[in-house]
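Asker: Residue numbers (the working numbering), protein chains in the order written: chain A, 1 to 365; chain B, 1 to 297.
These are computed hints drawn from the structure, not numbers from a lab. Among the clues, some could well be false.
Claimed, not checked - Cross-link-like lysine-lysine pairs, in silico, DSS-like; alpha carbons within 27 Å at most:
| no. | chain 1 | residue 1 | chain 2 | residue 2 |
| --- | --- | --- | --- | --- |
| 1 | A | K114 | A | K154 |
| 2 | A | K131 | A | K95 |
| 3 | A | K131 | B | K17 |
| 4 | A | K102 | B | K193 |
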Amino acid sequence: MAPILEINNLFKNYGSVEILKDINISIEKGDFLVLVGPSGCGKSTLLNCIAGLEPITSGQMNIGGDDMTFVSPKDRDIAMVFQSYALYPTMTVAKNITFGMKVRGVEQDVQDRKLAEVAKQLQMENLLNRKPGQLSGGQRQRVAMGRALVRDPKLFLFDEPLSNLDAKLRVEMRTEIKALHQRLGASMVYVTHDQIEAMTLATKIVVMKGGVIQQMGTPAEIYNTPANLFVADFMGSPAMNLVPAKTSKGADGTHVEIARNGGEPIVLTDAKNRDLPEDVIVGVRPEDIADADARGGEAAQVAECTIDIVEPAGADTYAVMQLGGKHVTARLHAETNAAAGVSQRLAFDLSKVSYFDPETGLRLN
Amino acid sequence: MADTSFTPAGSGINWGKIALRWMLYVMLGLFALFYLMPLFVMVTTSIKSLEEIRTGDLISLPREVTFDAWRTAWSGACTGIQCEGVRPYFWNSVLIAIPGVALSTLIGAMNGYVVAQWRFRGANLIFSLMLFGCFIPFQVVLLPMARVLGIMGMAGTIPGLIFVHVIYGLGFTTLFFRNYYVSISPELTKAAKVDGAGFFRIFWSIFLPLSLPIIVVTVIWQFTQIWNDFLFGVSFSQAGTQPVTVALNNIVNSTTGVKEYNVDMAAAIIAALPTLLVYVIAGKYFVRGLTAGSVKG
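Using the sequences and the hints, build the whole thing.
Answerer: Given below as structure tokens:
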């Protein structure tokens, strides 16, 4: 079966400014694709191009196997949820949801039936006669979802739909969107700048920066094997520790030497034999640096480090120290006895370590 | 103004503050009186008899109230050789103002919608040029416009005057609607496009119903402009199609013998009444509408 969405060599310019450069994406039916990146990386522009709201400069696009490159938004069989919800302010919730069907001349009894279905699905039967101005943020969000659901399109597009909600509601709606995706088995493209949203929702993530795709893969691939320094730094919270180091080959694997503030450098051993240049940047996730006493296993190697800052976060305690001239965060357990200014025995686990080229920023292993 | 509950120790009442407040009221009152004086003179003079005007004081109240002057002004006063009062000209003004207001508001709304929500190449330039039209003194365009009206065969007709007023109202009406629509999220238009609505459908079903406050502002503005216009009225009309402002001028200037001040005053009030009425009825929307763009829902 043809991919539900296929983008080939898409370029988008505004005047002489290149906004999107050589975008190639392909997703299957039922995929949940998340476009993630910092502000101004072109992710929303790309979504607008998929919707047909922005013309593309060159390239080609298929939706559901049909060439949609020059088709107008209304004929692309898509539905879109916007950041501002974009509800029609003078229409009731019911009219908002049925507007699309009314414009397309769907029969009244079909409209009524679909409206009832969606209202039930999103538990908003009691809101149908209200105007958007009388709804709370979460309810508006729900109506915007309803307006998309009622269309039953080939492809759902979401443009940062949760960023106007407060933190608690955002997490609730996130779960709800995920549940909806699982229940409907629908194909979705979702734009966000929030990497946690990307990780939790996606079956496939596209990380973008400056209009260029940095990496495309499953959440696990993106998290465990980031393709370059940007992706490594952007995905994950707290961010991956990226520390300059020197490598050398040893009999028992690769030796990684990291400078330590006012002391001997730490030398860690990566059990795998790797072909690396001498100068690298080592990437270690905070959870791979833990209390020595808590973590066993052959992969862990213990080193003494002086802790600068301790940040309790409830479930975990983050400890920040200086290694290789950079701040390094370790994820300790909540009851750790680590204290600022005190030396602490930490266990480094290099089984998931990443190496990057300091010049190009590209992944080496 | 919200008074604070703060009171200086030792005294319950702040006399200085009260005196200041009273001074403020007295000042405002004096300004209001000064401003209302001409209207007062107009109204009292219009209900005095000529005899009383001649013998009495300008600002005294009428000893005897009579509406004869109003009757004459409405249907008997002479404008040149005809003596029909302002009535036919009043209806001319109505026939010019209502279509003029309706068309310029509707077209202005459409222009504002295009310039604000369908950002095409050069949209800003076109909008700036339209804005430029707001600042052109109308005297400048009299001759070219007379020529255009002549070519179109509308010289001296009421449709011709409507045309002129619509053209020269568009700068302002476009400005009003553009500024109102530019504060509306472009996502609204995008959502409607994805829903399958086209250019006119989005305008009629989504933007126009949103526009009540700015429609009120535009209607008041345009009605006042068109109704009070004298220059275009006197330049582009002929006998029988003159608006009430031109007729008023003729009444005041063409009396022979005794100058009937009471009739002049009554005619002037009649000519001014519709705009006053519009403002009284819709004034609060006017103030609200002018600030509506700056407040987000």
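Asker: Does each hint fit the structure? Answer for all of them.
Answerer: These are the hints, each one checked on the structure:
A distance of roughly 17 Å separates the Cα atoms of A:K114 and A:K154; the hinted pair therefore holds under the 27 Å criterion. Taking the CA atoms of A:K131 and A:K95, the gap is about 9 Å. The hint holds against a cut of 27 Å. As the CA atoms of A:K131 and B:K17 are separated by approximately 47 Å, the hinted pair breaks the 27 Å bound. Restraint check for A:K102 and B:K193: the C-alpha separation of about 13 Å stays at or below 27 Å, so the hint holds.
Violated hints amount to a single one, hint 3; each of the other numbered hints is respected by the structure.
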